[in-house]
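Protein chains in written order, with this note's numbering: chain A, 1 to 236; chain G, 1001 to 1345; chain B, 2001 to 2172.
Only true hints are included.
Straight-line Cα separation of at most 20 angstroms, SDA-like style, residue types lysine to any residue; simulated pairs:
id, chain 1, residue 1, chain 2, residue 2
1, G, Lys-1055, A, Pro-21
2, A, Lys-22, G, Gly-1073
3, A, Lys-4, G, Trp-1304
4, G, Lys-1320, B, Ile-2164
5, G, Lys-1055, A, Ile-24
6, A, Lys-212, A, Val-181
7, A, Lys-20, G, Arg-1063
8, G, Lys-1055, A, Thr-13
9, A, Lys-22, G, Arg-1068
10, A, Lys-175, A, Ala-215
11, A, Lys-4, G, Arg-1308
12, G, Lys-1055, A, Leu-14
13, A, Lys-15, G, Ser-1057
14, A, Lys-166, A, Ala-215
15, A, Lys-157, A, Lys-203
16, A, Lys-20, G, Arg-1054
17, A, Lys-121, A, Gly-39
18, A, Lys-4, G, Val-1321
19, A, Lys-22, G, Arg-1054
20, A, Lys-121, A, Thr-55
21, A, Lys-15, G, Arg-1054
22, A, Lys-15, G, Lys-1055
23, G, Lys-1320, A, Ile-2
These aren't lab readings, by the way, just hints derived from the structure by calculation.
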Amino acid sequence: MIGKGLLKGLGITLKHGVEKPKTIQYPEQRPYLQERFRGCLEFDYKNCIVCGMCTKACPNNVLSFETAPIEGSKKKRLVSYTIDLQYCMFCNLCVEACPTNTLFFVHDFELSTYRRDEIKKVYIPPALTQVDAGGGQAELIPQDALEPDREAEAEAKRLKQLQAMKTALSKGGQKVLAKYVDTEEDAAVLANLLQADEKKRDKMAALIVDDKEKARKVAQAFVAKERKTQAGGEEK
Amino acid sequence: MEHLFTNIAQILTSWMVSLGLPPIWADLILLIGQWTIIVVIVTLNVIVLVWLERKISGFIQERLGPNRLGPFGAFQTIADAMKLLTKEDIIPSQADRWIFMTAPMLFIVIAVMLYAVLPLGQGMEVVDLNVGLFYFISLGSLSTICLLMAGWGSNNKWSLLGAMRSVAQMISYEIPLAFSLLGVVMLAGSLNLSEIVTAQNRYWFILLQPVAFLTYFIAATAELNRGPFDMPEAEQELTAGAYTEYTGMRWALFFLAEYTNLVAVSALAATLFFGGGQGPWLPSWLWIIIKTYLIMLVFMWMKWTFPRIRMDHLMSFSWKVLIPVSLANILITGLGIEFFRGMGW
Amino acid sequence: MSLMIINDLVFVLIASITLLSALGMVLSRNIVHSALALILTFIGVAALFFNLGAAFLGLVQILVYAGAISVLIIFAIMLVMHGEAHKTNRFNPSLGTHLWGGYIAAVMTIGLVAAIWFSELPEVKGRTVEDAVGLLAGLLLGNYVIAFEAAAVLLLLAVVGAIILARGVEEQ
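Take the sequences, apply the hints, and build the full model.
Shown next, in the form of structure tokens:
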């Protein structure tokens, strides 16, 4: 019969038309990934023995690393390891070549970046920076690799100071506060006020640690306000 | 509800006459008003249709279609229209400038003019022309020239090839289109569309003229240049046929006109074969909208089901199958009318 | 402003568009432009039919003449397009041809004007034909059916002849 095939085709599209869509609404719904899915190539410096098999296996020169000799040993140690993912075709050859499972694929597949050099991943073993900080081989250390540690140290120092200041203020601390107000009397008033009000105390402590100039202004304002309320209370 | 719009029209006319306007001017103003409303509704409707088409193609391909902008992606087409409006209007330096520029305008004008005679409900046609059906066919034949102008004016080989194809296709399929409508005209005894609707009081003509409906449907798909008969555009081989060189709003006008034609052809099918505005409970203008949309859904369903057919197959199908079939249908209809008249029905 | 004046204005508008596009068709050097101007002329004539109340004839004019021009354009493109478009509809340079053409045109114009001038046109007033299509169909398929069918057969022969000329006949 003429047209039978056409009707059959219409039937098939109708059937598929009422079926549930097979697509995944990507940013909200995440796709199910198989265990061996090759997403981003990752590097774990702990296992690396600096054998160089991975760079030999790579067909696209994605992988590269820098080494330095260990004094008094034939071995080398890793200074930095670079994966330039923009050339990677996820062929798995480096992973197969690696004898210690240092290289592996993870499931993260959202690799796009805003700048071309952002896709290049540089791994610097933290052991190296510590050794170098003591050993004095400063030329091997990339400067920016050290900076996060310094920042962390400064942050820790600041926290310590803040904590000390808070405890000092809660126990009175007229001597500390005297630097920020004009008279001893004012310092006493401020100390009493801060002992009573925890919020103001914390604020004052933070200001003293971070910004001495601002702390002076705020302290004077606090005193003036306190004086005023006290005077108002007496009048009533 | 049934006489909602006709009553509004009457109230407006009498109001204008009471203001001291001569009746002929009141009629003219009302005509222009009706016409403007139809044009606006038809063009806004295209936004819905494009959304519907993309949704249907999505569902058939087990996707969701547009779903980001607004509820169920309903605002996607509006965003697309905005984009098209703001795009650069490129006219190729070697193009035949005037022809290139006027072709899309003429195309949309012809597409909108088709609505002048369509009864969009009982007593709701802009012009109650007594040769309405013939008007529809002869105006439809002019849209071929617009495509040809677009293809020629672009001065591009793909455009010209697409235009040549569309001329060959549309002229060939105009014949079965007109012949298939002749059976209906013979049964109704009139070319007036509202009289044809009235003639379907007892039976819808789809029951009496199923073959005519099939030939009309196939020929109309070809006339609309819709899939599976979309060789004139054929993105994969001709980039976009006659529309290749068009950008921005000019291209959007072609798009608009194609969907406007789709609505017109579907509404004509509803009028001629499915009793127009006839139906229980609901007012007639709502019925014709429902019927038109159902027919358009079938058009879309077909487009996303069938693969594009070959040009020579297309031509031989028209000349060797559709025209003989529609001629035979006219003969049988005539014999049947004479037979039943002889029986005294 | 009465209806008659509006009617006259519409007539003048349509007639001038028709005449201008006819002139454009003759004078254009691009054959495709000529063909498009011819379409406009035919549509203008159809509009004149509408203006006279003969909607059916106007639509026939559009369907048969204007609709078929596209085929003419296709032929023009296929047969004469070998070079630049603006040289496709060249004027014949010889003076004798110009003179002959002018002579024939003048004779025909004078003949037409004389025919209209000297014939007594009966004035038709207030009589509209209700079922013009039915009357026309009755005349074509009733009184003049033999002439009608003869014309149909002639056209069919022309089509078959054109196909044979275009594709050739395989020799047995």
